[in-house]
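Asks: The chain contents come next:
2 protein chains.
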Amino acid sequence: MSYFDAASAAPLHPVARQALLAALDDGWADPSRLYREGRKARMLLDAAREAAAEAVGCRADELSFTPSGTRAVHTGIAGALAGRRRTGRHLIVSAVEHSSVLHSAEVFEAEGGQVTRVPVSRQGAVDAGSYEAAMRPDTALACLQSANHEVGTVQPVAAVAEVCRAAGVPLLVDAAQSLGWGRVEGDWSVLTASAHKWGGPSGVGLLVVRKGVRFAAQGASDERESGRAPGFENLPAIVAAAASLRAVRAEAEQEAVRLRELTARIRARVPESVPDVEVVGDAELRLPGIVTFSCLYVDGETLLHELDREGFSVSSGSSCTSSTLTPSHVLKAMGVLSEGNVRVSLPAGAAEAEVERFLAVLPGVVAGVREKLGAPAPVAAVHEDVLVVDALGKRCPIPVIELAKVIGTVPVGGRVRVLSDDEAARLDIPAWCEMRGQEYEGEEKAEKGTAYLVRRAT
Amino acid sequence: MSYFDAASAAPLHPVARQALLAALDDGWADPSRLYREGRKARMLLDAAREAAAEAVGCRADELSFTPSGTRAVHTGIAGALAGRRRTGRHLIVSAVEHSSVLHSAEVFEAEGGQVTRVPVSRQGAVDAGSYEAAMRPDTALACLQSANHEVGTVQPVAAVAEVCRAAGVPLLVDAAQSLGWGRVEGDWSVLTASAHKWGGPSGVGLLVVRKGVRFAAQGASDERESGRAPGFENLPAIVAAAASLRAVRAEAEQEAVRLRELTARIRARVPESVPDVEVVGDAELRLPGIVTFSCLYVDGETLLHELDREGFSVSSGSSCTSSTLTPSHVLKAMGVLSEGNVRVSLPAGAAEAEVERFLAVLPGVVAGVREKLGAPAPVAAVHEDVLVVDALGKRCPIPVIELAKVIGTVPVGGRVRVLSDDEAARLDIPAWCEMRGQEYEGEEKAEKGTAYLVRRAT
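The listed protein sequences derive, respectively, from chains A and B.
Heads up, the first sequence is in the UniProt record's numbering, so the first residue is 1 and it goes up one at a time.
Heads up, the second sequence is in the UniProt record's numbering, so the first residue is 1 and it goes up one at a time.
Hints were generated in silico from the structure; no laboratory data involved.
Hints are not guaranteed to be accurate.
One side of the interface only, derived from the structure: several residues of chain B facing chain A at Cβ under 7 Å [what the hints assert, rightly or not]:
no., residue
1, 12
2, 35
3, 37
4, 104
5, 107
6, 226
7, 230
8, 237
9, 308
10, 313
11, 359
Cβ atoms here follow ideal geometry from the backbone N, Cα and C, with glycine treated the same way.
When you get a sec, could you build the whole thing from the sequences and use the hints?
Replies: So this is what it looks like as structure tokens:
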């Protein structure tokens, strides 16, 4: 079995396991109590906070432990927005943030706030200028991930932080994907992270609020964790989280080199061995362990299922919307193909031999899925100069498959009109044109569904 | 070492430890994923939910796992109030609820809601009639603990639930202290609990919302746990929580008999061996393991410190306000003595010999603290018919000590006027009068601090 979905949750690091076991004995009591067991628990909690703060690069009293990375984001965004309510009610996020950030933004909008979603390049990166352009006098907060969770692209946090600093706006950095690899550079104001992404246990997130940042935690609270995370501390897990963060950091530099080489192999060899594949995300400015590609004429769920049968656990599309059938908001924002999407995220220690086995198995698996989806004969008719493909009622990737089959039958300069009522076609037909050098001319409302117009260019 | 503070946090049950270890291996992946590791995690999560629901007496799809009992209460109250916003903005709680309930009520008040705090008897119990009287046409929710966390008194949940049902108002029951002992009877609507109170790990609470109860979770959410507890599930801990709940329930009946006998011993023998003690809480309708008493002329913190030196870990005053210096809101609402307060809460398996050792050690410890606090000669002067005791600038329990010293020096029918600027005197002087059969005549603003007037009755 090869688990290649570390960006969802990394397996428990041996140091985390060891620390958790030790802390189960000494860390079950209430750290706010004055008796022996309470004092022991308090010492463990203090030591964990010191260790985590050192890894983040902040003061211990700036760091609160939360029950998850998601809770850290929800609390961090709501608290930072409330702290600057007098300044205004405008929030800036990138279009490719984790769903926890986007959900917080939606709640803020529902309460009357305004949100600007900064677009990204085809590689998935924002640029600092777009953040600068999005700034308004009433901007209360900006949010940016340190690196994207779906495609691995590293964001220009330090440059965006400078822009924010100049505008007097705090920057919240969601560092969930990168904190195990190193500190987040730049002059950020609020930082969030999640322990189970670096090999710590589940049940622990970090929320760091720099001194001087206006912050007003919302909802009911208590005296624990600086009033930012109410409820009894999840102490054994906190101890394990801090210990494993220190451990993965010690191994990070060397392991990053190794994983970077393995993902570079996947980036290079998948397009060689599998036809009609688009590798997405920045080739250079990327996390060491993540590589994402999309396969034309394949649906992601079937592909995942077949890879699982071969012993590979990978992810597809947006990591947090995979239970819904909407295409990944990240791939959509990047304007790349979303069909047949696979994210490989290697955990620390991933074996080279398993990566090689994956590369060996993948072409056959993709070919098998393509064959299974097969080729329902396209219903095509020429109206005026346009070949019409009726893909109504057919789900992704069928509309694109049918488009690909007929494009060669019209002359260069001729047009194909694809009728589809599957929402994913809106994303995938333009992406296919981009990949194939065909010209996408746009969409229009059809009698049923939507008509996508493609002009044969080559 | 004897840990007698199970009402704060119980040591980890061996079954919890065992289940946690097993789940660390099989339960670290994302249960919403479709690959092998995700399916394993999903099976563990489903099985834990079934087991917990069976112990609660609800359907599995009514139960969400939260990061703590406190989070369950915060989410439960906010969600139930929002779900009935159209009915009105009135909330009923008892005066002796856990701080998490009271904090939620304060937030609700700050947002414009109205809160009725139902008083309790001197034994700490509410009565159903008071809830009935508190009902209004705009009442959105009523809250009641299953049993009190400080004094162990069991509340008449079933009767209050009937009153609520008749009024068409949902009842939220905070079952944190009792769920390990048995199901909460009665027709409640929402229930909350906390795993580390029954010997489960920290990091897990339960939130149960009965089908048909209007509920609108507030703030950002995601697709996990019915939208009521966002963030990656703390799965190994959830598995351990469910397994240990089942285990403690299997032992509950027998262990309850044993602990009840041990706490009955404390209830009976402390007043025999320690002078000037008031045992508080209901003598019959109480949890098996909790017994609380207050010692005149002693301050709780010193007493706890001395007991800790003797190897006993106990608690004092309110479990969640012990870091502040205000007297427990529970003891205050009961109108009993708060000074020198000790809560003994025996964990399952507490050794009889250790309880006997506690009973043997306590009289000397209390006597020692009393001697240490000693007797600063009261500055007394007779003004008209009143003996004035100037205890300004002196902290609890000194004002009461000085009152007790001089009461015998005025004739029956004569008065003592105690000047004090310590807030605790407001609670403890009336309580002392009640204990001693003296007449408390009330307080008035003095030039400095407050004057408390006591008439010698016996």
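Asks: How about residue 226 of chain B: closest beta carbon in chain A under 7 Å, or not?
Replies: Given a least distance of 13 Å, the restraint on residue 226 of chain B is violated.
Asks: Against chain A, with CB atoms and a cut of 7 Å, does the hint on residue 359 of chain B hold up?
Replies: violated (18 Å)
Asks: Hey, does the residue 237 of chain B contact hint survive, CB to chain A under 7 Å?
Replies: holds (6 Å)
Asks: Can residue 12 of chain B be said to touch chain A, with a Cβ gap under 7 Å?
Replies: holds (5 Å)
Asks: Verify the interface restraint on residue 37 of chain B: the C-beta must sit less than 7 Å from at least one C-beta of chain A.
Replies: holds (6 Å)
Asks: Can the hint on residue 104 of chain B be confirmed by a CB-to-CB distance to chain A that is less than 7 Å?
Replies: Check passed: Cβ of residue 104 of chain B comes within 5 Å of chain A, closer than 7 Å.
Asks: Minimum Cβ distance from residue 107 of chain B to chain A below 7 Å?
Replies: holds (5 Å)
Asks: So, residue 313 of chain B near chain A? Judge it on the closest CB pair being under 7 Å.
Replies: holds (4 Å)
Asks: With a cut-off of 7 Å on the beta carbons, see whether residue 308 of chain B makes it to chain A.
Replies: holds (4 Å)
Asks: If you take the shortest Cβ to Cβ gap from residue 230 of chain B to chain A, is it below 7 Å?
Replies: holds (5 Å)
Asks: Quick one, is the residue 35 of chain B hint okay against chain A at 7 Å, beta carbons?
Replies: Check passed: Cβ of residue 35 of chain B comes within 4 Å of chain A, closer than 7 Å.
Figure legend: structure checked against the earlier numbered hints; hints not met, in rising order: 6 and 11.
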